[in-house]
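Chains as they are written, first to last, in our numbering: chain A, 1 to 314; chain B, 315 to 632.
FYI, nobody ran anything at the bench for these hints, they're computed from the structure.
Careful, some of the hints might be misleading.
[Said to hold, decoys possible] To be clear about the criterion: a stretch of chain B counts as covered by chain A if any three or more of its residues have a C-beta under 8 Å from a C-beta of chain A, and this derived list gives those stretches: (1) 561 to 568; (2) 585 to 594.
[Said to hold, decoys possible] Simulated restraints, written as ranges between beta carbons of each label pair: (3) R232/A <-> Y482/B: 28 to 36 Å; (4) R392/B <-> L123/A: 26 to 34 Å; (5) G181/A <-> R627/B: 38 to 46 Å; (6) R6/A <-> G418/B: 52 to 60 Å; (7) S414/B <-> L123/A: 24 to 32 Å; (8) P437/B <-> R11/A: 38 to 46 Å; (9) P550/B <-> V20/A: 38 to 46 Å; (10) V329/B <-> V20/A: 45 to 53 Å; (11) G448/B <-> R11/A: 25 to 33 Å.
[Stated by the list, open to error] Partial list, derived from the structure: chain A residues whose beta carbon lies under 10 Å from chain B: (12) L243; (13) F250; (14) A261; (15) D276.
For each residue, glycine too, the CB sits at the ideal point set by N, CA and C.
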Amino acid sequence: MRTSRRQARLRTLLSTPTGVVGLVMIGALIVIAVIGPSVWGDKATASDYLNLFAPRSAEFPFGTDGAGRDLFARTLVGTRLSLILTAGSVLIAAVVGILMGAVAAATGGRTQRVAGTVIDTWLGFPSILLSVLVVTVLERGAGAAVIATGLAFAPFFARLTLTLAAGTVGKDYVAAARLLGVSRVRIVTKYILGSINDSLVTAVFSTFGQCLIALSALSFLGLGVQPEVGARERFTIDWGVLLDQGIKNFREAPFGALGPAFAIALAGLAFGWFGDALARVFNPRLTVRRDRSDGEPVAEPTAAAVGAEVTDHD
Amino acid sequence: MHWGRFLAQRLLRVVVVSIVLVTATFITVRMVPGDPALKAIGMQSDRTPAEQAKALKQARSDLHLDRPLPVQYLETLRSAVTFDFGKSFQTGQKVTQIISDRVGSTLRLALGGTIVMLVIGVPLGVVIGALTNGRRSGLEVGFSGISGFVGSIPPYVLSVIGIFLFAYTWSIFPRIPEGSLLDDVLPSLALGLGPAFLLARVVRVETLDVLQQDYVRTARSKWLPWTRLYARDVMPNVLTPALTIAGVLFSSLLGGAVVIEGIFGRNGLGATLINAVQLGDYPVVVAISLLFGFLVVIANTVVDILIAFIDPRTLVAA
Chain A
1 MRTSRRQARL
11 RTLLSTPTGV
21 VGLVMIGALI
31 VIAVIGPSVW
41 GDKATASDYL
51 NLFAPRSAEF
61 PFGTDGAGRD
71 LFARTLVGTR
81 LSLILTAGSV
91 LIAAVVGILM
101 GAVAAATGGR
111 TQRVAGTVID
121 TWLGFPSILL
131 SVLVVTVLER
141 GAGAAVIATG
151 LAFAPFFARL
161 TLTLAAGTVG
171 KDYVAAARLL
181 GVSRVRIVTK
191 YILGSINDSL
201 VTAVFSTFGQ
211 CLIALSALSF
221 LGLGVQPEVG
231 ARERFTIDWG
241 VLLDQGIKNF
251 REAPFGALGP
261 AFAIALAGLA
271 FGWFGDALAR
281 VFNPRLTVRR
291 DRSDGEPVAE
301 PTAAAVGAEV
311 TDHD
Chain B
315 MHWGRFLAQR
325 LLRVVVVSIV
335 LVTATFITVR
345 MVPGDPALKA
355 IGMQSDRTPA
365 EQAKALKQAR
375 SDLHLDRPLP
385 VQYLETLRSA
395 VTFDFGKSFQ
405 TGQKVTQIIS
415 DRVGSTLRLA
425 LGGTIVMLVI
435 GVPLGVVIGA
445 LTNGRRSGLE
455 VGFSGISGFV
465 GSIPPYVLSV
475 IGIFLFAYTW
485 SIFPRIPEGS
495 LLDDVLPSLA
505 LGLGPAFLLA
515 RVVRVETLDV
525 LQQDYVRTAR
535 SKWLPWTRLY
545 ARDVMPNVLT
555 PALTIAGVLF
565 SSLLGGAVVI
575 EGIFGRNGLG
585 ATLINAVQLG
595 DYPVVVAISL
605 LFGFLVVIAN
615 TVVDILIAFI
625 DPRTLVAA
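Please model the complete structure; the sequences and the hints are all you need to start from.
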């Protein structure tokens, strides 16, 4: 039963071209991130004074920069830091946001309404402005950029959790649990978060692309990753830094900027596509073309499960 | 008859959100580690110890740091109302002066982006909606793919591609401002194109929704001219959701402006803000962040009022 549902979900995931392409692209990105600095690190950081601002060629697909460094290799090497930092900021956004939403949902009443208003106001502001303010307070650098981006995207998760929780609170089994004396906090953690984790997983992937774009913007503006020179350079450049360096030499080596720009856009797109495909898996109504896996009821905790939960308590 | 109450309500919301904004900024700046006064005088010049102590005292009083916290908070509220944020740590210039010198460039960019978004987004959505009304599923899939693709490219990436194509490969637009209207075209396109496609998606769905209504079928069966159908029935119904989305997109458009100003060598508020953050020039950071915040709040309020104007039913609901 369980495996068959998993197979059905996998089929839905792979039934759309964007889902497949997104998954393949994410896989490729992860491989590049893992092997990047060791495979292309030397080419990316070693100066080659015989090839300053070399044009694009088979040897240098993106050309070279003012120190003769291979711009294609630099873009590949930047993948690791970009992905790691983005993962960190998504984690912060998800943890902070879900906690806020869950706490707001657990308190209920007027507190919940006030929290909802705060979350909506927070959501309404440009995320880059929020992160710029956070960077002002913290010492600027990769860590500050991760925290800043995480906090800027936290309200997305808070809003989602609050909305989904509000929808679940009205369900009969939650009312039954409440009547049986299960505590509010327990209701939120056990039933509400338990039944909405599908949507949260989807949101993690959809947010990943946006966080990547915001984080790269911070690095690009000089507020994020601070590149080092020498042996550690290959671990301290991300796409935002490369874009900034590329813009400065745009006329001489346009692919110094275009390379990381395409990388940011493509990675953002890949995670967005995959997120959409996941959303279709968890919410089959979104699928345009109906297939066999459609209409399968989403598993909900039954009254029996609620009863078992209560006996656990006693 | 409801207008008085509606406007009062919106005004009250603007005031409340603005106070929240000022409070959040106040707390943020107090959280900055170190002594802002030391930072303020440290940037200007070298002094003897006695002069240093005196300058520090002066700076503390200028920044109201010598007063108790509640008084500091009230001072911050007052400076938000009068929009007087003192002087820049870095240049000693009045913050108001810095802002008034640069706000024009940023507003032109934001306005340009908004125009691109509306002028491309709304007609594109309506046309694709009319064309895909129950037919041409290929066009529907194609449009959904392309609009999702373009809509998810951040403005700074579009800027880089735009400069490469239209300033270097074909020299149509200037790379950096040269003092003509052409300066604004490329950055406005980079800023507004993504939101335009996202808007077009929403407008297409709304158009389809209207076209499937019974009264549209009736109008069609009576052979009313299609121009009249679109002007009288489709547009007003599409505009309400379009404006709502446009208001949300405007906020992200302002954020995009902050990032791309530097790419185009524009000396606007965004570029100034980034510079001030790097130097820890708080008065400038606070003033520009608050200004952007107010712009978002005002834009949302204008959208609300416009919607009430087009669709008075929202007044009753309010």
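Per-residue hint verdict: A261/A, partner chain B, C-beta under 10 Å: Hint on A261/A: holds, closest Cβ of chain B at ~4 Å, below 10 Å.
Please check whether G448/B and R11/A have a Cβ separation lying inside 25 to 33 Å. At roughly 29 Å between Cβ atoms, R11/A and G448/B fall inside 25 to 33 Å, so the hint holds.
Do the Cβ positions of G181/A and R627/B conform to the proposed distance bound of 38 to 46 Å? Distance hint for G181/A, R627/B holds at roughly 45 Å.
Outcome of range test on Cβ distance (V329/B, V20/A; 45 to 53 Å): Given range 45 to 53 Å: holds, Cβ gap about 51 Å.
Do the beta carbons of P550/B and V20/A sit within 38 to 46 Å of each other? Holds: the Cβ-Cβ distance is about 41 Å, inside 38 to 46 Å.
Is the distance from the Cβ of S414/B to the Cβ of L123/A consistent with 24 to 32 Å? Since S414/B and L123/A have Cβ atoms about 30 Å apart, the given range 24 to 32 Å holds.
Would you say the C-beta atoms of R392/B and L123/A sit inside 26 to 34 Å of each other? 29 Å, holds
Given L243/A as an interface hint, is the shortest Cβ-Cβ distance to chain B below 10 Å? This hint holds: L243/A lies near chain B, its Cβ roughly 7 Å from the closest one there, short of 10 Å.
R232/A paired with Y482/B, Cβ distance criterion 28 to 36 Å: 33 Å, holds
The hint says 52 to 60 Å between R6/A and G418/B; measuring C-beta to C-beta, is that right? 58 Å, holds
Outcome, coverage hint (the region 561 to 568 of chain B, chain A; C-beta under 8 Å; three residues): It holds: at least three residues are needed, and the region 561 to 568 of chain B offers 4 whose Cβ sits within less than 8 Å of chain A.
Hint validation: D276/A versus chain B, beta carbon distance must be below 10 Å. Holds or violated? 8 Å, holds
The structure agrees with every numbered hint stated previously.
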